[in-house]
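Residue strings, one per chain:
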Amino acid sequence: MAIVVLTIAIFVLAGLVLLLTLVAVLIRIVRHARNRRRERLARAPRRALLAFVAEGGQEGMEDLLAIPPAAWQAAEPTAVALLEKVRGEAHQALAEVFARRGVTTRALRQLGHFDAAHRARAAELLGNLRLTEAVAPLCRLLADGKPEVRLVAVRALGAIGHPEAAGLLLDALTRDVPVHMVADALARIGEAALPEVHGALRRDEAVVRITALEALGLIGSPGSVRAIVELLDREADPDVRVAAFGALGRLGGRAAVPPLITAVAPTNPPEVRVAAARALGVVGAVAAAETLAGLLSDPTYRVAHEAAGSLVLLGPKGQAHLRRSAEAGGAHAREALALAELTGAEG
Amino acid sequence: MWAEVARGLLEGANYLIFGYFILINSSYLVLIVLAAGEFVRHLRGAMFTGADDLFRSPLSPAVSLIVPAYNEAAGIVPAVQALISLRYPRIEVVVVDDGSTDDTFDRLRDHFDLVEVPRVVPRDVPHSGAVESVHVARAAPRTLVVVRKVNGGKADSLNVGLNLASHDLVCMVDADSVLDNEALLSVVKPFADDPVRMAATGGVVRIANGCRVTAGRVVDIRMPREWLVRIQIVEYLRAFLTGRTGWSRLGGLVVISGAFGVFRRDLVVAAGGMATDTVGEDAELVVRLHRTLRRAGRDYRIVFVAEPVSWSEAPAAMRQLGTQRRRWHRGLAEILTIHRGMLFNPRYGRVGMVALPYYLVFELLAPFVELLAFVLLPVSLMLGIVNLDFAWRLAVAAYGYGMVVSLSALLLEEMSFHRYSRWSDLARGAVGVVLENVGYRQVLAYYQAQGAWWAWRGKKATWGTQQRAGFGSESEGA
Chain A
1 MAIVVLTIAI FVLAGLVLLL TLVAVLIRIV RHARNRRRER LARAPRRALL AFVAEGGQEG
61 MEDLLAIPPA AWQAAEPTAV ALLEKVRGEA HQALAEVFAR RGVTTRALRQ LGHFDAAHRA
121 RAAELLGNLR LTEAVAPLCR LLADGKPEVR LVAVRALGAI GHPEAAGLLL DALTRDVPVH
181 MVADALARIG EAALPEVHGA LRRDEAVVRI TALEALGLIG SPGSVRAIVE LLDREADPDV
241 RVAAFGALGR LGGRAAVPPL ITAVAPTNPP EVRVAAARAL GVVGAVAAAE TLAGLLSDPT
301 YRVAHEAAGS LVLLGPKGQA HLRRSAEAGG AHAREALALA ELTGAEG
Chain B
1 MWAEVARGLL EGANYLIFGY FILINSSYLV LIVLAAGEFV RHLRGAMFTG ADDLFRSPLS
61 PAVSLIVPAY NEAAGIVPAV QALISLRYPR IEVVVVDDGS TDDTFDRLRD HFDLVEVPRV
121 VPRDVPHSGA VESVHVARAA PRTLVVVRKV NGGKADSLNV GLNLASHDLV CMVDADSVLD
181 NEALLSVVKP FADDPVRMAA TGGVVRIANG CRVTAGRVVD IRMPREWLVR IQIVEYLRAF
241 LTGRTGWSRL GGLVVISGAF GVFRRDLVVA AGGMATDTVG EDAELVVRLH RTLRRAGRDY
301 RIVFVAEPVS WSEAPAAMRQ LGTQRRRWHR GLAEILTIHR GMLFNPRYGR VGMVALPYYL
361 VFELLAPFVE LLAFVLLPVS LMLGIVNLDF AWRLAVAAYG YGMVVSLSAL LLEEMSFHRY
421 SRWSDLARGA VGVVLENVGY RQVLAYYQAQ GAWWAWRGKK ATWGTQQRAG FGSESEGA
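Keeping their order, the protein sequence lines are chains A and B. At position 75 of the first sequence (counting the first as 1) the number is 75 in the working numbering, and the numbers step up by one without a gap. At position 292 of the second sequence (counting the first as 1) the number is 292 in the working numbering, and the numbers step up by one without a gap.
Worth flagging that the hints you see were computed from the coordinates, not collected in a lab. Using N, Cα and C, we set each Cβ at its ideal position, and we do this for glycine too. Accuracy of the hints is not assured; some may be wrong.
[Said to hold, decoys possible] If you want a taste of the chain B side facing chain A, the calculated C-beta under 8 Å gives, among others:
{"id": "1", "residue": "Pro195"}
{"id": "2", "residue": "Leu371"}
{"id": "3", "residue": "Val404"}
{"id": "4", "residue": "Leu411"}
Using the sequences provided together with the hints, build the complete structure.
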């Protein structure tokens with residue numbers, strides 16, 4: 001009995017080996033044939049697309065509209081890649097080609113597709129098209145059940161850059177959308193997003209306040225410094241405070257300096273002190289040179305390390321402090337000066 | 001009567017071993033099926049990964065690449081050059097020369113115009129080999145750091161690298177690895193998508209032998225001339241590419257290759273850095289991260305990224321392969337001993353209840369079972385407990401199932417990434433499937449059993465040296 005079972009098993013396994021080998025060969029044949037066909041079909045449309053873009057979309061639209069559907073399908077990845085790369089009139093003209101070929105309408109329809117990959121792909125395309133009409137349906141995707149779709153929706157809304165999306169982007173943070181993606185999207189919307197972003201500094205959720213601060217740093221509006229300083233007066237969450245110091249570092253301005261000097265005090269958590277020490281250098285707070293010099297012997301490595309780096313950024317006054325510390329045997333000062341010398345040599 | 005009992009036991013053992021073969025191969029098949037699902041998801045999502053956005057974003061996480069190097073003069077310069085030119089916005093490369101006795105450091109110094117700097121080395125994690133000097137590239141002092149230290153082993157070097165790493169993410173890379181241009185973007189992407197929970201990501205490691213490497217990038221992928229390496233390519237597809245992807249899907253990934261893995265620096269530091277008392281320090285770190293994060297009640301993820309890849313040189317001679325596999329199995333034995341408290345412990349979730357028990361039963365013990373089969377089957381034949389007809393059928397069925405599994409992995413590669421585009425490579429892969437199961441596995445079992453045995457006996461670990469051809473013109477023609 002056992003021998004019979006084993007014999008049957010051997011035959012089944014031999015069959016499977018043959019079948020799997022055959023499938024591998026067939027897959028390769030089909031893939032090669034498909035790739036060759038695609039390549040052949042896409043060759044002429046690709047040339048037409050490149051010529052169209054090179055002409056800034058002034059000529060050749062009719063040629064692109066006349067491309068047979070199969071050939072367009074083969075060339076569409078090239079068209080989408082171009083859409084990501086070109087700006088201005090060429091982008092508008094290419095977006096018009098997509099619209100007149102019905103691709104845009106199809107993408108809008110596919111935002112409601114049952115398959116997540118279809119929804120995400122459509123969202124990505126609409127973002128690249130920078131289609132304002134897509135803002136509302138894309139905002140709905142911010143609540144999609146699939147995280148990958150939500151992420152693409154955030155990026156697409158950032159690419160479109162319509163202020164209507166700002167508030168909803170901040171709301172999406174409660175659905176596991178990463179801070180940096182929302183901050184990037186808000187930054188791409190730019191100053192038009194500022195009212196929503198400033199409002200977010202008063203929201204209860206720490207993650208929303210952190211994102212708003214990251215976005216403010218990226219948008220780079222100096223008028224935001226006052227709002228951030230006010231936030232620091234009432235903020236207790238160390239993660240939010242770290243983000244606030246990062247934003248102040250990016251925005252700069254004299255008003256940023258006093259809260260940063262307060263934040264490097266040893267009573268604060270190490271991560272807050274590190275962020276504040278770094279920001280003082282980025283801001284170029286010469287008035288803080290004395291404070292930073294006092295941190296060179298701090299027992300927390302990162303605090304001392306950042307303080308030394310910041311003193312380099314403060315120019316002659318900061319570097320004078322470093323030299324004095326180095327002469328007294330300050331290791332962080334010696335390191336910072338050595339690196340500064342090399343960096344100076346770079347410039 | 002005793003003879004009857006012995007005969008019964010032998011007969012039972014034969015069936016048990018056969019059952020073990022069925023179970024182990026079935027488990028591989030399950031992992032391949034899980035990996036297939038992941039590959040479909042990965043490939044369908046390739047159109048909207050947002051890698052370009054990550055590259056352009058000023059908020060993308062900065063990464064310190066830590067490269068431990070011991071006598072790597074043959075390929076260290078092109079390797080570092082390639083790492084520096086990876087497509088990633090903010091990186092720092094920290095090369096730790098672990099007391100090389102060749103001219104590894106001299107070559108780096110001459111090529112990158114290194115300058116010694118009085119760098120303060122923090123002691124966030126302990127290391128035993130004293131740091132002798134720290135150097136930076138004159139033209140890019142914040143991008144390339146080279147540390148010279150007293151020899152202390154790979155884990156010790158990684159700890160020095162961890163201490164000197166400036167960025168929040170650290171990527172551990174072998175000095176002989178060649179990374180795809182997009183590799184770092186891909187393994188960091190999960191951190192960007194899920195920055196709060198992501199603790200570590202592992203990238204797939206493939207075999208570079210036979211491939212053409214130009215300017216630190218693999219530009220033409222092909223099977224090498226040596227059958228030993230071809231078999232390893234098939235083995236890597238089954239065990240690493242599909243196996244680890246499957247475990248990642250199950251939430252039980254416990255091995256991230258030291259050749260290419262990204263970790264949150266703060267978590268590694270909090271866990272105590274790399275362990276220096278095991279030769280499997282890469283996997284041990286991952287298991288320890290699971291342990292510490294589970295104990296802390298943290299919601300975290302450790303995932304495997306199947307593409308793009310890191311390419312490594314595989315041993316082309318049996319002796320080197322033996323050294324490598326003894327070390328790997330020794331590492332596994334040590335890890336399972338160190339973390340035995342996690343085994344079958346529900347506190348550690350799928351890692352404690354599924355992954356580690358699996359590694360114990362189907363990885364650590366597998367070579368012993370294989371070798372036992374080699375002894376028991378002939379003995380049973382001689383004693384007439386099984387007849388020849390039964391014995392050969394049993395062996396063919398057991399190894400035939402193994403071939404089906406390896407072939408499934410090869411097919412999955414063909415369906416998904418199809419990196420080997422030549423027909424001849426496909427044919428060589430198919431032959432490699434046969435050779436992997438007949439001959440290779442049995443020899444490997446001997447080395448693996450030896451490695452585990454040495455670990456249990458407490459024999460002192462030695463690294464051995466692998467002759468490297470490097471990735472210059474020598475590999476091009478291979």
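These are the hints, each one checked on the structure:
1. For B/Pro195, the suggested interface contact is upheld, since its CB lies about 5 Å from the closest CB of chain A, less than 8 Å.
2. Interface hint at B/Leu371: violated, since its Cβ lies 22 Å from the closest Cβ of chain A, which is beyond the 8 Å cut-off.
3. Residue-level restraint check for B/Val404 holds (minimum Cβ-Cβ distance to chain A is 5 Å; threshold 8 Å).
4. About 5 Å separates the beta-carbon of B/Leu411 from the nearest beta-carbon of chain A, less than 8 Å, and the hint is met.
Violated hints amount to a single one, hint 2; each of the other numbered hints is respected by the structure.
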